[in-house]
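Engineer: Chains as they are written, first to last, in my numbering: chain A, 15 to 126; chain B, 3 to 174.
It should be emphasised that the hints constitute simulated quantities derived from the structure, not laboratory data.
Please note: incorrect hints may appear among the correct ones.
To be verified - A few chain A residues that don't get close to chain B, going by computed Cβ distances all over 10 angstroms: (1) Leu17; (2) Lys18; (3) Val19; (4) His20; (5) Lys21; (6) Asp35; (7) Leu49; (8) Lys52; (9) Gln62; (10) Asp65; (11) Met67; (12) Asp68; (13) Ile76; (14) Ser116.
Stated by the list, open to error - Label-pair ranges, simulated between beta-carbon atoms: (15) A:Ala22 - B:Asn74: 41 to 49 angstroms; (16) A:Thr81 - B:Asp136: 16 to 24 angstroms; (17) B:Arg174 - A:Lys84: 39 to 47 angstroms; (18) A:Met117 - B:Asp75: 43 to 51 angstroms; (19) A:Lys122 - B:Thr172: 37 to 45 angstroms; (20) A:Lys21 - B:Lys7: 39 to 47 angstroms; (21) B:Glu100 - A:Val19: 37 to 45 angstroms; (22) B:Val6 - A:Thr108: 16 to 24 angstroms; (23) A:Ala115 - B:Pro76: 42 to 50 angstroms; (24) A:Gln125 - B:Gln44: 44 to 52 angstroms; (25) B:Pro48 - A:Glu44: 35 to 43 angstroms; (26) B:Asp89 - A:Thr108: 38 to 46 angstroms.
Unchecked claim - Pairs of lysine-lysine, DSS-like flavour, derived with a Cα cap of 30 angstroms: (27) A:Lys100 - B:Lys170; (28) A:Lys88 - B:Lys7; (29) A:Lys18 - A:Lys99; (30) A:Lys52 - A:Lys100; (31) B:Lys114 - A:Lys106; (32) A:Lys43 - B:Lys73; (33) A:Lys83 - B:Lys126; (34) A:Lys53 - A:Lys41; (35) B:Lys170 - B:Lys7; (36) A:Lys88 - A:Lys122; (37) B:Lys69 - A:Lys41; (38) B:Lys21 - A:Lys99; (39) A:Lys88 - A:Lys43.
None of the values given here were measured: they were computed from a predicted structure.
Quick reminder that beta carbons are idealized off the backbone N, C-alpha and C, glycines included.
These are the residues of each chain, in order.
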Amino acid sequence: MELKVHKAGEVYIIDVEGEMDLYNAYKLKELSISLLEKKASRFIINLQDVDYMDSSGIGALIFICSTMKKQNLKLALTNIHGSVKKVIELTKLTSYFPISASMDDALKLVQE
Amino acid sequence: MDSVKDIGLDGSSTLFDTKGLTFAEFPSDYQNIRYFALLIVQNAPPEFKELNLLEQQISELIKNAVKHGNKNDPSKKVRVWYGFDQDSARLIVRDEGEGFRRLEEWNSFNRKRLECLHEQNYEKLGDFVSFRTDCSDDTDGGNALFAALEYWNGGFCFDEARTGVAMKRTFR
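Kindly produce the complete structure, drawing on both the sequences and the hints.
Structural biologist: In structure tokens form, the structure reads like this:
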């Protein structure tokens, strides 16, 4: 799994590429924590290039989402598709996560 | 409200019938969990939809057996029976651990989670998105069994020793 961070204004966009699984999902948590330490407050996690996610990956998203909610920060997950979408549906977390259908929608959500 | 599904204990369930299933045995090797799952899934009919979702679900069960059942003890094995036909998949996984002693606690937790979803109480849901115990660590999402109970739509139960779990998925 590779993580790339870029900014759009005040928004930190994390592009995730590869498989988010038990061996590497912690990297996304660590990256998010490091961005929070830099006082970042608006995040988008772009899952366009993620074709596989297991419970550890879902767990990383839960950790990030709950941390952001507690701190009243802005987060959007976007471009979720395929089996990743199915796993989120199976865990019934579709309404818990702030999911946007597109990057444009995600930018609008975190800039509200 | 969605019908609440508990995970039951029924070693006499037909889900535990190994007749016609293929047997495989794996060491408790955490680094190869996904490889073991792939070895099983490669026997599934190629026309199965969402093979990587099937692989993911099988990987979760092997992970539970290796990590939570056998505590990564290399002297302990994970035994798997599996079978596929044109529209279903069956799996039985056994470990050599002490059994899933917290099953009742998990069922209670899951019921509360489903109540939150039914009430659309997403603030309270935050307390029930991840089932964690003193054995959980950072790589445990605490959500695998929620998905498993939905995915394995033909049944999902443990045996009375709680070291064996059997399940079926139908694709119709």
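Engineer: It remains to establish, for every hint, whether it holds in the given structure.
Structural biologist: Structure-based check of each hint:
Chain B leaves Leu17 (chain A) outside its interface by the beta-carbon criterion, the shortest separation being 17 angstroms against a cut-off of 10 angstroms. Once the 10 angstroms rule is applied to beta carbons, Lys18 (chain A) is consistent with being away from chain B; the minimum gap is 22 angstroms. At roughly 21 angstroms from the closest C-beta of chain B, the C-beta of Val19 (chain A) stays outside 10 angstroms, upholding its exclusion from the interface. For His20 (chain A), the condition that its CB be more than 10 angstroms from all CB atoms of chain B holds, with the nearest at approximately 26 angstroms.
With a least beta-carbon separation of about 27 angstroms from chain B, Lys21 (chain A) lies farther than 10 angstroms from that chain, consistent with its non-interface assignment. The non-interface label for Asp35 (chain A) is inconsistent with chain B: the shortest C-beta to C-beta separation is roughly 7 angstroms, within 10 angstroms. The non-interface label for Leu49 (chain A) is consistent with chain B: the shortest C-beta to C-beta separation is roughly 18 angstroms, beyond 10 angstroms. With a cut of 10 angstroms on Cβ distances, Lys52 (chain A) stays outside the contact zone with chain B, its closest approach being about 21 angstroms.
A cut-off of 10 angstroms between C-beta atoms confirms that Gln62 (chain A) is not in contact with chain B; the least separation is 16 angstroms. At the 10 angstroms boundary, the C-beta of Asp65 (chain A) falls inside the reach of chain B, the nearest C-beta of that chain being 7 angstroms off. Against the 10 angstroms criterion, Met67 (chain A) falls within the reach of chain B, whose nearest CB is about 8 angstroms from its own CB. The beta carbon of Asp68 (chain A) sits about 5 angstroms from the closest Cβ of chain B, which is not more than 10 angstroms, so the claim that it is off the interface is violated.
For Ile76 (chain A), the requirement that its beta carbon stay farther than 10 angstroms from each beta carbon of chain B is not met, with the minimum near 5 angstroms. Distance to chain B confirms Ser116 (chain A) as a non-interface residue, since its nearest Cβ pair spans about 22 angstroms, more than 10 angstroms. In this structure the hint that Ala22 (chain A) and Asn74 (chain B) lie 41 to 49 angstroms apart at CB holds, the actual value being about 42 angstroms. Take Thr81 (chain A) and Asp136 (chain B): their Cβ atoms lie about 21 angstroms apart, and the range 16 to 24 angstroms holds.
Distance hint check: the CB atoms of Arg174 (chain B) and Lys84 (chain A) are about 43 angstroms apart, consistent with the given range 39 to 47 angstroms. At about 46 angstroms, the CB distance of Met117 (chain A) to Asp75 (chain B) agrees with the hint of 43 to 51 angstroms. Distance hint for Lys122 (chain A) and Thr172 (chain B): a CB-CB separation of about 40 angstroms, consistent with the stated range 37 to 45 angstroms. Between Lys21 (chain A) and Lys7 (chain B) the CB atoms are about 44 angstroms apart, so this pair conforms to the stated range of 39 to 47 angstroms.
Taking 37 to 45 angstroms as the suggested C-beta distance range, the pair Glu100 (chain B) and Val19 (chain A) conforms, at roughly 43 angstroms. Between Val6 (chain B) and Thr108 (chain A) the beta carbons are some 19 angstroms apart, a value that agrees with the proposed interval 16 to 24 angstroms. Against the hinted window of 42 to 50 angstroms, the Cβ-Cβ separation of Ala115 (chain A) and Pro76 (chain B) comes to about 46 angstroms, which satisfies the hint. In this structure the hint that Gln125 (chain A) and Gln44 (chain B) lie 44 to 52 angstroms apart at CB holds, the actual value being about 46 angstroms.
Evaluation of the 35 to 43 angstroms hint for Pro48 (chain B) and Glu44 (chain A) yields a pass: the beta carbon distance comes to about 37 angstroms. Take Asp89 (chain B) and Thr108 (chain A): their Cβ atoms lie about 26 angstroms apart, and the range 38 to 46 angstroms is violated. Distance hint between Lys100 (chain A) and Lys170 (chain B) is fulfilled; the C-alpha atoms sit about 18 angstroms from each other, no more than 30 angstroms. For the hint linking Lys88 (chain A) to Lys7 (chain B), the alpha-carbon distance of about 34 angstroms lies beyond 30 angstroms, and the restraint is violated.
With a C-alpha separation of about 21 angstroms, the suggested pairing of Lys18 (chain A) with Lys99 (chain A) holds against the 30 angstroms cut-off. Distance check on the hinted pair: Lys52 (chain A) and Lys100 (chain A) sit about 33 angstroms apart at the alpha-carbon level, beyond 30 angstroms; violated. Among the hinted pairs, Lys114 (chain B) with Lys106 (chain A) is consistent with the structure: their alpha-carbon atoms are about 13 angstroms apart, no more than 30 angstroms. The hinted pair formed by Lys43 (chain A) and Lys73 (chain B) meets the criterion: a straight-line CA distance of about 24 angstroms does not exceed 30 angstroms.
Note on Lys83 (chain A) and Lys126 (chain B): the hinted pairing holds, with a Cα-Cα distance of about 12 angstroms set against a maximum of 30 angstroms. Using a Cα cut-off of 30 angstroms, the hinted pair Lys53 (chain A) and Lys41 (chain A) holds, with the two alpha carbons roughly 19 angstroms apart. For the hint linking Lys170 (chain B) to Lys7 (chain B), the alpha-carbon distance of about 15 angstroms falls within 30 angstroms, and the restraint holds. Taking the CA atoms of Lys88 (chain A) and Lys122 (chain A), the gap is about 11 angstroms. The hint holds against a cut of 30 angstroms.
At roughly 20 angstroms between alpha-carbon atoms, Lys69 (chain B) and Lys41 (chain A) fall within 30 angstroms of each other, so this suggested pair holds. Our distance criterion of 30 angstroms between C-alpha atoms is broken by Lys21 (chain B) and Lys99 (chain A), whose separation comes to about 34 angstroms. At roughly 16 angstroms between alpha-carbon atoms, Lys88 (chain A) and Lys43 (chain A) fall within 30 angstroms of each other, so this suggested pair holds.
In the structure shown, a violation is registered for the earlier hints numbered 6, 10, 11, 12, 13, 26, 28, 30, 38, in ascending order.
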